[in-house]
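Novice: Spelled out, the chains give:
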Amino acid sequence: MKSDDPNIKWLDEPKLGLAGRLYLPLVVQGLTTTTRHLFSKKVTQSFPEQRPTFGNPLIYRGVHRLNRDEQGRVKCVACFLCATACPAHCIDIVGVESPWPDREKYPESFVIDELRCIFCGMCEEACPVDAIELTSLFDLTGRSREEMIFDKEKLLSVYDQTKDAEPMRSTTGRDHVEPAPGKST
Amino acid sequence: MVPITVEALIKIAIFLFVMMTAAAYLVLLERWMCAWIQDRKGPNRVGVPLTKIKLFGLGQPLADGLKMILKQEYTPAHVDKVLFTLAPIVILAAALATFAVIPMGSILPADVAFGYLDRPVEMIVAPSVDVGMLYVFALSSLAVYGVILGGWASNNKYGFIGALRSSAQLIAYELPLGLGILGVVLVANSLEPEKIIREQASTGLWFAFAQPLGFLVFLVAAFAEAARLPFDLPEAEQELVGGYHTEYSGIRLLLFLIAEFLHMVTASFLIVILFFGGWHLWGLTGANVTDVTWFQSIARVGVLTVKVLLLILFFMLVRWSWPRFRFDQLMTLAWKVMLPLGLVNLVVVAVTQEYHASIIAALEGLGGQFTLTACIWLVSILSCIAIAIIAPRSGDNRPRFYQLPLRGQA
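Going line by line, the protein sequences match chains A and D. For what it's worth, our numbering labels the leading residue of the first sequence as 1, then goes sequentially. For what it's worth, our numbering labels the leading residue of the second sequence as 1001, then goes sequentially.
No wet-lab data here; the hints were simulated from the structure. There may be inaccurate statements among the hints.
Cross-link-like lysine-lysine pairs, in silico, DSSO-like; alpha carbons within 27 Å at most [stated by the list, open to error]:
{"id": "1", "chain 1": "A", "residue 1": "Lys15", "chain 2": "D", "residue 2": "Lys1336"}
{"id": "2", "chain 1": "D", "residue 1": "Lys1054", "chain 2": "D", "residue 2": "Lys1071"}
{"id": "3", "chain 1": "A", "residue 1": "Lys42", "chain 2": "D", "residue 2": "Lys1041"}
{"id": "4", "chain 1": "D", "residue 1": "Lys1071", "chain 2": "D", "residue 2": "Lys1052"}
{"id": "5", "chain 1": "A", "residue 1": "Lys41", "chain 2": "D", "residue 2": "Lys1081"}
{"id": "6", "chain 1": "D", "residue 1": "Lys1157", "chain 2": "D", "residue 2": "Lys1081"}
{"id": "7", "chain 1": "D", "residue 1": "Lys1011", "chain 2": "D", "residue 2": "Lys1157"}
{"id": "8", "chain 1": "D", "residue 1": "Lys1081", "chain 2": "D", "residue 2": "Lys1071"}
{"id": "9", "chain 1": "D", "residue 1": "Lys1054", "chain 2": "A", "residue 2": "Lys42"}
{"id": "10", "chain 1": "A", "residue 1": "Lys42", "chain 2": "D", "residue 2": "Lys1011"}
{"id": "11", "chain 1": "D", "residue 1": "Lys1336", "chain 2": "A", "residue 2": "Lys41"}
Counterexamples of contact, computed for chain D against chain A with all Cβ distances above 10 Å [unchecked claim]:
{"id": "12", "residue": "Met1033"}
{"id": "13", "residue": "Gln1038"}
{"id": "14", "residue": "Pro1127"}
{"id": "15", "residue": "Gly1178"}
{"id": "16", "residue": "Thr1203"}
{"id": "17", "residue": "Trp1322"}
{"id": "18", "residue": "Arg1326"}
{"id": "19", "residue": "Ile1360"}
{"id": "20", "residue": "Gly1368"}
{"id": "21", "residue": "Ile1385"}
{"id": "22", "residue": "Ala1388"}
To give an idea of the interface, some chain A residues facing chain D are shown, with a C-beta separation under 8 Å as derived from the structure [as the list claims (entries may be wrong)]:
{"id": "23", "residue": "Arg21"}
{"id": "24", "residue": "Gly30"}
{"id": "25", "residue": "Leu31"}
{"id": "26", "residue": "Thr35"}
{"id": "27", "residue": "His37"}
{"id": "28", "residue": "Ser40"}
{"id": "29", "residue": "Val43"}
{"id": "30", "residue": "Thr44"}
{"id": "31", "residue": "Thr84"}
{"id": "32", "residue": "Met122"}
Computed from a prediction, not measured in an experiment: that's the story for all the values here. C-beta atoms are modelled at their ideal positions from N, C-alpha and C, and glycine is treated no differently.
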């Protein structure tokens, strides 16, 4: 593009008034703003002592959990839709024939590598029976790689831990439900 | 009897300790100010080492210092090794040496040394230096050598550009700085800091009120000399990585950073001494110099410290208030705004000083000194407005579109 291109629109700076050129009003303006912020309420959340608040923990994408049905069994039917949808290939399911009459298969082993997971929530989207869900637990830590590979029991225990604070989508119709008031994790 | 050399050495030891500690805690203060202005809480975790006592983060300077000292002391292969090591030493030595002539208070009564001394102790390392301000100026100019050496020895383009900018900026702002001081020196009739304070204490009229224009010019120039925002071009992080200390790490970087903070402290001390009456506060400290009570002596130290601290807080507040100048704006401000304003101030001060008695006599019915000060304020405000109307800063140096004759049409 050349400088005489007709498509270039040349703009001039707006002329400063006397106050602008005197610079003093701007000086006062800047100092007032910073002084106001100096004494304003701080937004920092002191993390380990103070748990952060979420806008809506029900749609937060944290650690996974495997939901249980009314009889306490794992809800998963080992359809592999989550494993197929997973872009990070972090879900590993071994499906076997179900001992229960209400479904054909169930997961004998259900393992999620939390280190590979990118927390995109696609597994949750794909699940036809709302068995896998993402909770609002965000401070996931471990001392080794092995510790971060969550098996079925661990995922079910996450459900036990969070079921009261975050009810299952299927039981609440959670797309329409209001978040629990003032809840933090 | 304590010989004068030993007395000076003790003072130096105290001042070094106080200044180094102050610099460390000023870094913490700066981080707090930064955080508060950005609606954060700032460092509040580090307390007493090896315990869980947090103490509002007051242990942070120790942690910061330890971190700096324990970091790898890396010397890049392409640097001039001697100069690379020399630069931070030069800059810190110059910054510390400045404090030799800066009073930290007024004077302690003679009984302070419990019989070891037969004279009152002046709270300054080198008392009665006639060329005090000149000495400060010489050393603050020396600081630029440290910056240039650092930038040059780094053999790094960012470092070098930072050093070049620094030298240009410091040379440009030495002029308004000198002009701001000239008015004060004319009235106080001395270059000695203590005498300048004494002059303000005896009249009770601080020079910031007597010479508002000089104060303005000096304040702006002091910000530029200390290379603080909005004049921190030498180390503009967004453009130059780290400026002249891009290649530095470990203790040598620490020396640079301490020196920078000391520059700010020096600038605050100078502004307080020259324009805010030093240790003087109406009705509290008294104006007597040769004979002071213990209360006055301590009150003077307190007043001076509080004033300097307030000014440092102002420095820090300003840092987060305005964006950085562009380099051409910086230069225009120095040469086309601050220089004329400083000259106007000099002329006004010189005229009122020369014809002071007759002006006061002529204004006798109108309140004398008060009317004179009001007139000086009026002149100052008018000259500021005049500069704003002339507006040398609103120059436009963007590329212009000119209609060139097309080839073949000419």
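Novice: None of the hints should be skipped; say for each whether it holds.
Specialist: Against the structure, the hints:
1. A:Lys15 to D:Lys1336: Roughly 19 Å between the alpha carbons, so the hint for Lys15 (chain A) and Lys1336 (chain D) holds.
2. D:Lys1054 to D:Lys1071: 24 Å, holds
3. A:Lys42 to D:Lys1041: 6 Å, holds
4. D:Lys1071 to D:Lys1052: Roughly 25 Å between the alpha carbons, so the hint for Lys1071 (chain D) and Lys1052 (chain D) holds.
5. A:Lys41 to D:Lys1081: Between Lys41 (chain A) and Lys1081 (chain D) the Cα gap is close to 49 Å, so the pair fails against 27 Å, i.e. violated.
6. D:Lys1157 to D:Lys1081: It holds: about 17 Å lies between the C-alpha atoms, which stays within 27 Å.
7. D:Lys1011 to D:Lys1157: At roughly 42 Å apart (the allowed maximum being 27 Å), Lys1157 (chain D) and Lys1011 (chain D) break the hint.
8. D:Lys1081 to D:Lys1071: 19 Å, holds
9. D:Lys1054 to A:Lys42: Since the Cα atoms of Lys1054 (chain D) and Lys42 (chain A) sit roughly 19 Å apart, the hinted pair holds (cutoff 27 Å).
10. A:Lys42 to D:Lys1011: Roughly 42 Å separates the two Cα atoms, so the pair is violated.
11. D:Lys1336 to A:Lys41: Violated - the C-alpha atoms of Lys41 (chain A) and Lys1336 (chain D) are around 42 Å apart, more than 27 Å.
12. Met1033: Not fine: 7 Å to the nearest Cβ puts Met1033 (chain D) too close to chain A.
13. Gln1038: 7 Å, violated
14. Pro1127: The claim stands: Pro1127 (chain D) keeps its Cβ more than 10 Å from every Cβ of chain A (closest is about 37 Å).
15. Gly1178: Nearest chain A Cβ is 22 Å from Gly1178 (chain D), so the label holds.
16. Thr1203: 28 Å, holds
17. Trp1322: 5 Å, violated
18. Arg1326: 13 Å, holds
19. Ile1360: 31 Å, holds
20. Gly1368: 29 Å, holds
21. Ile1385: Incorrect as stated: the minimum Cβ-Cβ distance to chain A is 7 Å, not above 10 Å.
22. Ala1388: 4 Å, violated
23. Arg21: 4 Å, holds
24. Gly30: 4 Å, holds
25. Leu31: 5 Å, holds
26. Thr35: 7 Å, holds
27. His37: 5 Å, holds
28. Ser40: This hint holds: Ser40 (chain A) lies near chain D, its Cβ roughly 6 Å from the closest one there, short of 8 Å.
29. Val43: 5 Å, holds
30. Thr44: 4 Å, holds
31. Thr84: 44 Å, violated
32. Met122: 35 Å, violated
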